[in-house]
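K.L.:
Here is how the chains run, residue by residue.
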Amino acid sequence: MNKMPEIVLFFLAKIKKLALHFKKKKKMKEIMMVYYMEAKSARISGRKVAWITSGGPVEPLIAMDVIPVYPENHGAMIGASKMGTDLCEKSESMGYSSDLCSYARSDIACATVNGGPIGGLPRPDMLICCNNICGTVLKWYEVQARYFNVPLFIFDTPFCHVGYAEEVQRYVRSQLDEYVLFLEKACGKKMDSDHLKAVGKLSLEGQRLWQAVLATTANSPAPMTAFDAFYHLALIVTLRGTPLVIDYYTQLLEKMKDRVARGIGAIPNEKYRLLWDNIPIWPRTRWLSEKLASHNACLVADTYTSAWCGTTKYIDENNFFDSMAEAYTRIYLNIGVDEMARIVLEMVDMYKVDGIVMHSNRSCKPYSLGQYDIQKIVEKERGIPCLMIEADMVDERSFSESQVSTRIDAFMEIIKERKGA
Amino acid sequence: MITAGIDIGSITTKAAVMAEGKIRGTKVVFTGYNAEQAGTKVYEELLAELGMEKSDVGRIVSTGYGRNSVKFMDKAMTEIICHGAGAHYLNPRARSVIDIGGQDSKAIVLDEKGKVKNFAMNDKCAAGTGRFLEVMARALEVDLDGFGTLSLRAGDPSRISSLCTVFAESEVISLISKGENRENIIAGIHESIAARIAAMANRLRIAPLVVMTGGVAKNIGVVKALERKIGMAVEVSEYAQVNGAIGAAFLAAGLK
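Chains as they are written, first to last, in my numbering: chain B, 1 to 421; chain E, 1 to 256.
Quick caveat, the hints were computed from the structure, so don't treat them as lab data. Where hints are given, some of them may not hold.
[Unchecked claim] Reference excerpt, derived from the structure (chain B facing chain E, CB under 8 Å, subset only):
hint, residue
1, Cys187
2, Ser368
3, Gly370
4, Glu381
5, Ile384
6, Glu401
7, Gln403
8, Thr406
9, Arg407
10, Ala410
11, Glu417
[To be verified] Lysine to aspartate or glutamate pairs mimicking EDC-like chemistry, simulated, CA-CA at most 16 Å apart:
hint, chain 1, residue 1, chain 2, residue 2
12, E, Lys117, B, Glu379
13, B, Lys197, B, Glu30
14, B, Lys197, B, Asp316
15, E, Lys117, B, Asp322
16, B, Lys201, B, Asp316
17, E, Lys115, B, Glu417
18, E, Lys117, B, Asp316
We put the CB at the ideal spot given by N, CA and C, even for glycine.
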């Protein structure tokens with residue numbers, strides 16, 4: 001550190017000052033800006049950077065002071081800034097199939113050109129890949145491990161069709177020890193288990209707060225929409241386990257409770273309440289929210305953002321490390337269709353929705369497989385209609401506005417008819 | 001009251017005029033590149049044929065992909081609701097509608113009052129639509145109107161396995177170059193469309209009576225292939241192609 005040129009020290013001090021300033025204000029955009037600035041300057045500040053999958057166990061990284069960076073979050077940013085199609089095409093010219101996940105395609109392409117909205121992700125020192133969200137991440141992270149020539153840790157979570165077997169717990173739990181050893185080697189220091197405990201507590205508290213924020217939309221009118229949740233989600237994904245997350249969601253929860261108390265809805269005239277399933281169509285969230293609002297329809301909840309607080313019941317506050325094996329294994333995308341349908345039915349009841357909008361996402365096979373079955377189960381059990389939209393989370397070539405528009409109009413005609421409006 | 005329905009589709013634009021619950025006249029024109037112009041044209045020409053003035057018409061509902069491009073309608077409604085209403089008007093026993101139009105196909109399940117209970121549409125792909133047939137007719141150099149009857153003479157329908165219109169076209173071209181007879185190829189094309197539509201319709205659990213609407217309903221080959229695939233009789237009204245416009249005119253009468 002003492003060999004650093006003055007200009008670098010000056011720059012670092014600036015970032016730190018800015019970070020303090022924004023941490024007080026707690027605005028998402030600034031927090032994320034500081035987060036990426038810190039990650040990008042990690043090399044000069046002497047910190048390590050790990051790329052990790054969205055459903056991966058991040059707490060040990062936080063406890064080791066490693067900066068976690070999420071290629072999937074980056075993929076969402078690429079999609080939202082409508083830069084996905086170019087990057088997908090670039091990856092296809094590199095030889096990747098257009099049938100692959102568009103997060104993977106845009107990330108792999110982005111790494112070679114440092115493109116996208118933030119000029120590429122900071123170079124990783126290590127990669128952490130947890131396959132609880134899909135199988136694509138294995139090959140995707142192997143590609144990146146070769147490209148950056150950095151160590152890769154694979155955290156393997158067996159698929160849980162029903163229940164959670166003892167041998168699965170043993171298998172997954174043993175990998176947590178390997179994970180810690182991997183980190184100790186990569187960072188050249190020992191894990192402080194007390195610190196890890198504290199991080200675990202903060203993580204659980206953050207997840208509970210996020211759940212409480214989402215639960216405010218059970219009120220009618222809903223104080224925020226799922227589109228807002230897509231936005232506020234960034235922190236629970238990227239920085240859970242840090243106090244920043246607690247501050248941010250505590251403040252957001254207060255704001256939402258205040259809106260509920262004053263009867264302020266997220267859309268001007270909420271008449272119909274809908275549930276969203278699957279990852280957002282990032283380049284089209286604004287279009288879709290305006291389209292639904294024009295029908296006085298509000299997306300009050302979704303299966304996506306709730307995935308980052310859906311397994312708190314498996315976490316033991318006093319034994320975070322052991323219990324997170326189960327929590328990370330039994331997430332929404334790693335369970336059988338019947339279990340998923342049960343969760344959807346609970347959400348239908350809790351949020352009192354009139355219909356479900358399902359995004360059949362060309363990119364995300366584990367999320368989209370089983371949607372027709374869930375649709376049948378929901379229609380049978382609750383008698384509410386489901387709309388299927390074929391699209392993609394990043395690649396705009398898979399979106400047809402006039403087709404989707406007609407489907408939404410027809411779906412809303414049915415819902416209005418049923419509600420007798 | 002006199003009402004009008006205008007269905008602006010991707011290939012053709014249809015108009016229907018109804019008076020006191022009876023169909024007074026219908027008309028079909030090509031949409032071309034200007035949906036608004038096509039909608040205005042078909043409406044004005046139909047009124048002229050019927051000897052009516054615009055002021056005679058009490059209410060107008062537009063539907064189809066171009067439903068929002070005309071400005072003189074009282075309300076725009078989706079083709080799903082309009083096809084359901086049209087099918088129910090023409091045959092109150094109808095419980096399922098299969099509509100194959102120029103750029104999409106859909107299956108609709110109705111209740112006994114003709115209200116839409118559920119619907120499904122083809123995914124973002126031209127296979128299983130009228131456009132698919134047009135592309136194949138061009139490749140085979142056969143007039144589309146002759147497609148239906150030709151296919152009924154097929155001895156052994158060819159297998160068209162590709163799900164993509166572009167690839168299916170090259171499959172057809174290679175069948176032609178192998179010397180396969182035209183009737184068999186056309187029958188194979190119909191089988192391929194029917195298989196796609198049947199998968200969508202079965203997913204929705206359609207029930208009898210099944211009626212088919214849209215321009216493709218004029219093709220007897222597709223209708224017969226569909227009957228075989230879904231294992232139910234499929235009825236086609238003489239108004240099948242203008243069914244959406246009739247539904248729109250019918251719904252216009254009930255507007256508040």
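K.L.:
A separate judgement is required for each hint: does it hold in the structure or not?
P.N.:
Structure-based check of all given hints:
1. Because the smallest distance between the Cβ of Cys187(B) and any Cβ of chain E comes to about 47 Å, over 8 Å, the interface hint for this residue is violated.
2. Restraint check, Ser368(B) versus chain E: the minimum CB separation of about 12 Å is more than 8 Å; hint violated.
3. Checking Gly370(B) against chain E by beta carbon gives a least distance of about 14 Å; that is not within 8 Å, so the hint is violated.
4. Taken as an interface hint, Glu381(B) does not check out: its beta carbon lies about 15 Å from the nearest beta carbon of chain E, beyond 8 Å.
5. Interface restraint check: Ile384(B) against chain E, minimum CB-CB distance 11 Å, threshold 8 Å, status violated.
6. Of the supplied interface hints, the one on Glu401(B) is violated, with its beta-carbon coming no nearer than about 11 Å to a beta-carbon of chain E, more than 8 Å.
7. A least Cβ separation of about 6 Å between Gln403(B) and chain E falls short of the 8 Å threshold, and the interface hint therefore holds.
8. A hinted interface residue such as Thr406(B) counts as satisfied when its beta carbon comes closer than 8 Å to some beta carbon of chain E; here the least separation is about 6 Å, so the hint holds.
9. Interface restraint check for Arg407(B): the shortest CB-CB distance to chain E comes to about 6 Å, inside 8 Å, so the restraint holds.
10. Taking 8 Å as the C-beta cut-off, the interface hint given for Ala410(B) holds, the closest approach to chain E being about 4 Å.
11. The criterion of a C-beta within 8 Å of any C-beta in chain E is met by Glu417(B), whose closest approach is roughly 6 Å, and the hint holds.
12. For the proposed pair Lys117(E) and Glu379(B), the alpha carbon gap of about 11 Å is at most 16 Å, so the pair holds.
13. Our distance criterion of 16 Å between C-alpha atoms is broken by Lys197(B) and Glu30(B), whose separation comes to about 28 Å.
14. This hinted pair checks out: Lys197(B) and Asp316(B) have alpha carbons roughly 11 Å apart, not beyond 16 Å.
15. A threshold of 16 Å between alpha carbons decides the hint, and for Lys117(E) with Asp322(B) the separation of about 49 Å lies outside it, so the pair is violated.
16. With a C-alpha separation of about 9 Å, the suggested pairing of Lys201(B) with Asp316(B) holds against the 16 Å cut-off.
17. For the given pair, Lys115(E) sits about 8 Å from Glu417(B) by alpha-carbon distance, which is consistent with the 16 Å threshold.
18. For the hint linking Lys117(E) to Asp316(B), the alpha-carbon distance of about 46 Å lies beyond 16 Å, and the restraint is violated.
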